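Line by line, the protein sequences are chains X and C. For the first sequence, the residue numbers in this note's numbering are 1 to 348. For the second sequence, the residue numbers in this note's numbering are 349 to 696.
These aren't lab readings, by the way, just hints derived from the structure by calculation. Predicted model, so just to flag it, every value in this text is computed and none were measured. Ideal Cβ placement from N, Cα and C applies to all residues, glycine included. A few of these clues could be false.
The following residues of chain C were derived to be distant from chain X, with all beta-carbon distances above 10 Å [as the list claims (entries may be wrong)]:
{"#": "1", "residue": "Q391"}
{"#": "2", "residue": "P410"}
{"#": "3", "residue": "K427"}
{"#": "4", "residue": "P580"}
{"#": "5", "residue": "A592"}
Below, a sample of chain C positions facing chain X; criterion: calculated Cβ distance under 8 Å [as the list claims (entries may be wrong)]:
{"#": "6", "residue": "A470"}
{"#": "7", "residue": "P530"}
{"#": "8", "residue": "Q531"}
{"#": "9", "residue": "A534"}
{"#": "10", "residue": "L547"}
{"#": "11", "residue": "S549"}
{"#": "12", "residue": "L562"}
{"#": "13", "residue": "P570"}
{"#": "14", "residue": "V590"}
{"#": "15", "residue": "G591"}
{"#": "16", "residue": "D594"}
{"#": "17", "residue": "E617"}
One side of the interface only, derived from the structure: several residues of chain X facing chain C at Cβ under 7 Å [what the hints assert, rightly or not]:
{"#": "18", "residue": "L53"}
{"#": "19", "residue": "D121"}
{"#": "20", "residue": "G193"}
{"#": "21", "residue": "F229"}
{"#": "22", "residue": "D230"}
{"#": "23", "residue": "P232"}
{"#": "24", "residue": "A237"}
{"#": "25", "residue": "V240"}
{"#": "26", "residue": "G243"}
{"#": "27", "residue": "L273"}
{"#": "28", "residue": "A275"}
{"#": "29", "residue": "P278"}
Number of protein chains: 2
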Amino acid sequence: MSLLDPAADHCAPAQSIPAAVAAPAATPQESTLREGEARLWLQPAHGHEARALRVAWRLHGPAAAPVIAVLGGISADRKVADAAGQPGWWQTQTARDGALDVTRWRVLSFDWLDAASLAADAVSSTDQAQALAGVLDALDIARLHALVGASYGAMVGLAFAAQFPARLRRLIAIAGAHRAHPQAAALRAVQRGIVRFALDSGDAARGLALARQLAMIGYRSPRELARRFDAPAVLAAGRVRVGAEDWLEGAGARFVQRFDARRFLALSESIDLHAVDPAAVRVATTLIGFSTDQLVPVADLCALQRGLGAPCELHVLDSDYGHDAFLKETAALGALLRAALAPGAGHA
Amino acid sequence: MSLLDPAADHCAPAQSIPAAVAAPAATPQESTLREGEARLWLQPAHGHEARALRVAWRLHGPAAAPVIAVLGGISADRKVADAAGQPGWWQTQTARDGALDVTRWRVLSFDWLDAASLAADAVSSTDQAQALAGVLDALDIARLHALVGASYGAMVGLAFAAQFPARLRRLIAIAGAHRAHPQAAALRAVQRGIVRFALDSGDAARGLALARQLAMIGYRSPRELARRFDAPAVLAAGRVRVGAEDWLEGAGARFVQRFDARRFLALSESIDLHAVDPAAVRVATTLIGFSTDQLVPVADLCALQRGLGAPCELHVLDSDYGHDAFLKETAALGALLRAALAPGAGHA
């Protein structure tokens, strides 16, 4: 069976994969970092013509270790693990003895495309999946041991599994479903309305900061906010400040230092355009959700699990941290990741 | 016992009230509408000096019927019931055979004060309670049969009960608690940030509309939005529109036609400044909450019930409509209101 043949068996049992490919390094190995840009040709889902473009990627880990693609939220990038002392956005899981330890696994990531890089009206999760396939081609990686996607990365993972089933042994989709929940979409529509207003007003940064503040409320949970910020509001400098307001303003101010308003619009829209038929996902899948996630309710993951076109486990972690539990519940999530990544996992 | 004596028994059993005062009209009576402005002297909680001001009120109903004060959300006003064919904001309950039928009860309401009318830094729920007491004085109403407050009106009701226990037989507080929940406060802080940005940008209406869109998401529930708006997003005119977006934009556009940005800021802040010690509420109370209310979680009403300084019932209605269930669940809410308003209710 050719691993590159898209018509090949979509649900190959793990024993058909050579053990040397499926097992992580038994002991930590020296992790090398490779970095580059893949050149690829892509027909955007919402564009008029195919485009040549470059996709920036990073590959950490020992040369012989299995490859795991790791994809995060819309504000994440290829910098998933430590590089020259700069911690990655998922440092907790990619550090030594983490579930995605880059001394035992090869960890691949890439920078999201956006509508501008595609010269398209919008960027789709299927475009990102095509970009990942192009990166795999450029690196001569036939098949991923796993794709671990969280938030938008889970959506892209589902799109990748639906389009390239032969190139993925197991999908691990965290806090992401086959479509956006209508309330989460409504909250993002308001965020985009704020940013468009700000662009029209000539002060994009102030609008982007407000949109990020609103996004942060959705990323967390009422339980966490009640625990951290149950202080009386204060009246200062002629206006009221509530308990969470310093935290919100800090998050907004940091975001505008590192993110662009138009890129935010494109990637926020991409979440809401995302739609994958669960039955079209014919790759063994582990779904992970969080009890307090306001953006991806557990009920949506149940519906995805019921409809998925391959064996599918669903694990729900109870957490105060809502959607952001994927960044916060290091130990509990790490245990689930280890189990899903183990060589024996995914026997269908 | 003088009903005007604030030192009088705070929890007078209902039998001490003359039956003629406590029972609604046995058959529908001609409902008259009286309307006016009460002149009163008020020391704002967040102001520097006492102010003379006017409070606009309406009183519907037959002359001999017991008086119920009815107070709604921050965008509600004295126009609670039909007047000359113009439906009130709580038409469903105040219409013939409704729980607050103005042919059987006298229904009193008033227009909220705001920071501008007080010439203060902010307006407090205790200021609104003082205003209600002033209206009662002007109308020579010693004691209310009940105060039915929903949302902000419930907060003002709690403040009134704490300040003027002798002037209220029973408080019915719907979807409002002793303090704002920290997540709800955070969502309002972002709304205010949007409006302040818009005022600075010279386009207050666009910001107020966006703030209202965000508020609407909080007023409803994920269940309702999932039921109504689970349609794929569409790409039109170069941007994505999600299922709820027409509805949100319509709500925003209607709101700016009838509301002012600075008044919105003041009343939104007032919700977050609200803080009443439950133990200080020494009036028999009925609390009503909604299972899906994202702004006033049932857990907060449980805490209020446990701490209240008088007998207190808590009823939770299951509803798809979240916080707005007080305007939507007419039959179920009406049954609870009828029971709480019955002459025998509140025997402590």
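Here is what the structure says about each hint:
no.: 1; hint: Q391; verdict: holds, 16 Å
no.: 2; hint: P410; verdict: holds, 42 Å
no.: 3; hint: K427; verdict: holds, 27 Å
no.: 4; hint: P580; verdict: violated, 6 Å
no.: 5; hint: A592; verdict: violated, 4 Å
no.: 6; hint: A470; verdict: holds, 5 Å
no.: 7; hint: P530; verdict: holds, 4 Å
no.: 8; hint: Q531; verdict: holds, 4 Å
no.: 9; hint: A534; verdict: holds, 4 Å
no.: 10; hint: L547; verdict: violated, 11 Å
no.: 11; hint: S549; verdict: holds, 4 Å
no.: 12; hint: L562; verdict: holds, 5 Å
no.: 13; hint: P570; verdict: holds, 4 Å
no.: 14; hint: V590; verdict: holds, 4 Å
no.: 15; hint: G591; verdict: holds, 5 Å
no.: 16; hint: D594; verdict: violated, 10 Å
no.: 17; hint: E617; verdict: holds, 4 Å
no.: 18; hint: L53; verdict: violated, 20 Å
no.: 19; hint: D121; verdict: holds, 6 Å
no.: 20; hint: G193; verdict: holds, 5 Å
no.: 21; hint: F229; verdict: holds, 4 Å
no.: 22; hint: D230; verdict: holds, 5 Å
no.: 23; hint: P232; verdict: holds, 6 Å
no.: 24; hint: A237; verdict: violated, 10 Å
no.: 25; hint: V240; verdict: holds, 4 Å
no.: 26; hint: G243; verdict: holds, 5 Å
no.: 27; hint: L273; verdict: holds, 5 Å
no.: 28; hint: A275; verdict: holds, 6 Å
no.: 29; hint: P278; verdict: violated, 15 Å
Violation of the numbered hints given earlier is confined to hints 4, 5, 10, 16, 18, 24 and 29; the remaining hints are satisfied by the structure.
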